[in-house]
Every structure is written in C-alpha cells, then in structure tokens.
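Chemist: One-letter residues, chain by chain:
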Amino acid sequence: MSNVIRVNTPLSDDVVLSLRAGDEVLVSGVIYTGRDQAHKRLCELLDAGKVLPIDLTGQVIYFVGPTPAAPGRVIGAAGPTTSSRMDAFSPKLIAAGLKGMIGKGYRGDEVRDALKEYKAVHLAATGGAGALLSKCIVASKIVAYADLGTEAIRKLVVTDFPCVAAYDAYGGSVY
Amino acid sequence: MATRTIQYETVVETVERLCIESCYELPDDVLKALKSAADRETDERAKKILGQLIENASLAQQERIPLCQDTGLTVVFVEQGADVTISVPDDDPKLCITDAINEGVAKGYENGLLRKSIVAEPLNERTNTKTNTPAVIHYSIVPGDKLKITVMAKGGGCENKSRFKMFNPTDTKQTVSNWIIDVVRQAGANACPPFIIGVGLGGNFETACLISKKALLRNIDDHNPVQFYAEMETELLEKINDLNVGPQGFGGNTTALAVKIETAPCHIASLPVAVNIECHSHRHKSQIL
Ligand code: SF4
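If you're matching them up, the sequences are chains A and B in order. Residue numbers are given in the numbering used here: position 105 of the first sequence equals residue 105, and the series is strictly consecutive. Residue numbers are given in the numbering used here: position 242 of the second sequence equals residue 242, and the series is strictly consecutive.
Just so you know, these hints were derived from the structure itself, not from any lab. Glycine is no exception: its CB is placed at the ideal position from the N, C-alpha and C atoms. Wrong hints could be hidden among the right ones.
[Claimed, not checked] Examples of chain A residues lying across from chain B (beta carbon under 8 Å, computed):
| hint | residue |
| --- | --- |
| 1 | L17 |
| 2 | P66 |
| 3 | G128 |
| 4 | A129 |
| 5 | G149 |
| 6 | Y175 |
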C-alpha cells in the first residue's frame, strides 16, 4: 500500500520534495479555490505586472466550483474539476510562488516541467465525490472575484482533505 | 380523439422535483453496479476509490448534499402522447411546455441549492444565466395520453470527452470498436471514471449523437435487444475494462460500468458513430404523468 502523508499548508520545498507520485496525501490548512475564469484573471494581472488579490507564496489552489451552501453549512458539494483546463495558466502561477494544486485528471508537459523547475506538486482528489469531500472543509470565505459566483476565489480551511500525489516535483506521475 | 389535459404547473413542479432528486440520489442500478464493481476490483486503490463513491452517494442522500458540485447541464427528454395537451395559465396564453420545463429547471436549481453552470453564449461574454436554463430539451411525440419527462444532469467534464466520427459504410465492427475504445482511453482520468458509455451507431450527424445520449438512460444491467449489438456491448465493456484506466484513472479493472449501444437506420454512404461519455455520477430520473 502506498504511503499516507499528512501535510499542512502553506507548503515548503521540503514538504513538496517529500511527496512522490502515488502517495496518499491528507491536506490540512488554508487552500484557495480557483477554476477557469479566476485563473485567466490572475494570469492577466501577472502579465500586466500587477499585484494579485491573494499572495500565492507556498499556497495551494483547489480547482473547484462548489454548489451553494445550505443554511448552517460551510459549503455545498465541493469536488475537483478537470485540471487540464488550467494547463495554460498554472505554469505562470507556479512561477509566482504557487506550490500545489488539487484537481482531477491529467496535466500537460508544460505543467510537469514547471513542477520540476519550481518544486511544486499536483494532487488529485476524487472527482464526483463532492459530498464526501465537502465534509473535510471546515471554513469557506470568498476573497476575490465575487462576481464570478461559483468560480470566485474562496479561502477554504480543510482538515485531512484526501488526495493522491498525481504529479510530483521529480517528473513522476501516478497515471 | 379525446385529449387529456395536463396543467402547466404540474409540469413545472415535476421538473423541479426531478432536477433536485436526480442531483441528490444516485439511481439504484448505478449504486448496485458500483458495489459489485468494488467487490470485483482487484486493485487496492481502485477498490478504495469505489468505496469513496459509494460513501459519497449515501452521504449525499442522508445529509442532503449534491452528489457532485457539477450539477450539470439539464437535458430533458419529453415523450408527449399525441392525445395530451398542456393547459397554460389564463393570464399568459403564449406559454408552452418548453416554458414550463425551463421554469421547473430554474426552480429546481434555486430551491435545490444546485450549481448554475450555464452561460448565455459560448465565446464572447460567457455570462452565467443564473438559472441553469435554458435546458436542452428533446421532444418526441408518441401514441397515447401520457407525458413522460426524463431529467438528466449531465456533467461538463465527461461531456467534454464525448466524440463523433463518420466511418465508411464498409468499415467493420472491429474498426468502429477500436475507435470507441480509444475515445474512452483518451477520456481517461479527466472524465471521472468509472464511466457509462453511450454509443450511437447510425442515423445521421445529429441523430448519432442524440441516440448516444439516449442510450445512457437505459437500465445499467440491460442489453441491446439485437444479439449482434448486445454482444458488441459486452465485448466493448471487456476491452474497456482491460485498458487499466480504472477509477479516477489510477489503474484497476473498473474503467466502465456499462456500454450501451443504440442504433438507427442510415444513408448508404454513411456510418456515423457517436460516443457519449457519462461519469459515475450518472444522474437521471423520469416521471410519467
Ligand atoms: S465528470 Fe461527472 S463526476 Fe466528474 S466532476 Fe463532472 S459531473 Fe462530477
């Protein structure tokens, strides 16, 4: 059976380098949500040399657009969306300090190269387990791009959020 | 012929309910298929992931959390008996069944706390309609005085990996099968395996795609009534499960739960083939009024 490794965010280089493709990883701490439109906006800001609405240093972005929270709940269903749609944007964010991403499915070579070059990791969470995964999210707050609705950037606090190291910082892949 | 009248509001309420129930309750046949796949699965991680999906389904139902955050584009299949008329509210005589369905979808997605994932146009502004409408609605007129409404919440991740191809009429079952298997392989981890694979063979450009989606509505355990296609379903399922894509693409022998083939007559020059990939979060529900 593969290793189970607990990590806390933000991620240091040492923590990133301790992860190998195939490891089971339980993530705790603050993570940020972001999917297609938020990625596009963040990259446009970087291209224009402007400051980002969140400091990406050591952070993890979770590719998710949750359902609305029911009254008294932190969040609705919140499973990962397809990672490859973020391939065009992720290398730029990794270069800006991003250390981890959580999504589902494959990443392109440009992302794998950036993971190696900047020591970052891509994690996979179980796609379609949005109800189950929501139970690991203990806090949620919109911190940028509220106009994007479900695609807004949220600051989440997670406890033992279950992932698999899909692409490590050594060029390895679970797929 | 006497006509039977169904109230506009009844259609609205039915669609609203079907939207909500389908997003919170995995159909029994799908759940059963996941459970028997978990029993059969030999890969340890694959087994664990199937276990998560089964747990996800019971959690969704018990705690009222949608099965998946992508509550889909709403596809509605309507089989309207030729003897059925829809009576519309007196104060708005221009309304018709299409309005009732979209009203039901909007209510279902609002009241059911489902994610609204539809943008008004594709390439320019992509502004969210904030209602999850318009639904994609397929009508057929059938004999009788019943109205059957089927709601399917179709996820974007798996729809994105669906494919269409025109084959030559002289191409063989093997050529077509190889392409179908390749489409599934390419969908891989991105479309949330284990899948249900809908295959549309024949018809024309749009019919092949439509019947590939209709194929998904069949019970997960049934087979095409024609032996040739029933065997093709079984062979395809075996070969797809030999791909070692597995649940979430991490490997294992559960890449698909079922393959469903629907066929239609076609032109002597054509052999259209469509593959509609459906994820394990196979959300659909019907009601006959
Ligand atoms: S492909 Fe299906 S299970 Fe996966 S995220 Fe989309 S709707 Fe959910």
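Chemist: Could you run down the list of hints and mark each one as holding or not?
Modeler: Right, here's what the structure says about each hint:
Taken as an interface hint, L17(A) does not check out: its beta carbon lies about 22 Å from the nearest beta carbon of chain B, beyond 8 Å. Proximity of P66(A) to chain B holds as hinted, the smallest CB-CB distance being about 5 Å (cut-off 8 Å). The criterion of a C-beta within 8 Å of any C-beta in chain B is met by G128(A), whose closest approach is roughly 4 Å, and the hint holds. The interface hint given for A129(A) is met, as the beta carbon of that residue sits about 4 Å from the closest beta carbon of chain B, less than 8 Å.
Taking 8 Å as the C-beta contact cut-off toward chain B, the hint placing G149(A) at the interface holds, the least distance being around 6 Å. Satisfaction of the interface hint for Y175(A) is found here, the shortest Cβ-Cβ separation to chain B being roughly 6 Å, below the 8 Å cut-off.
Hint 1 alone, counting from the list given before, is not met by this structure.
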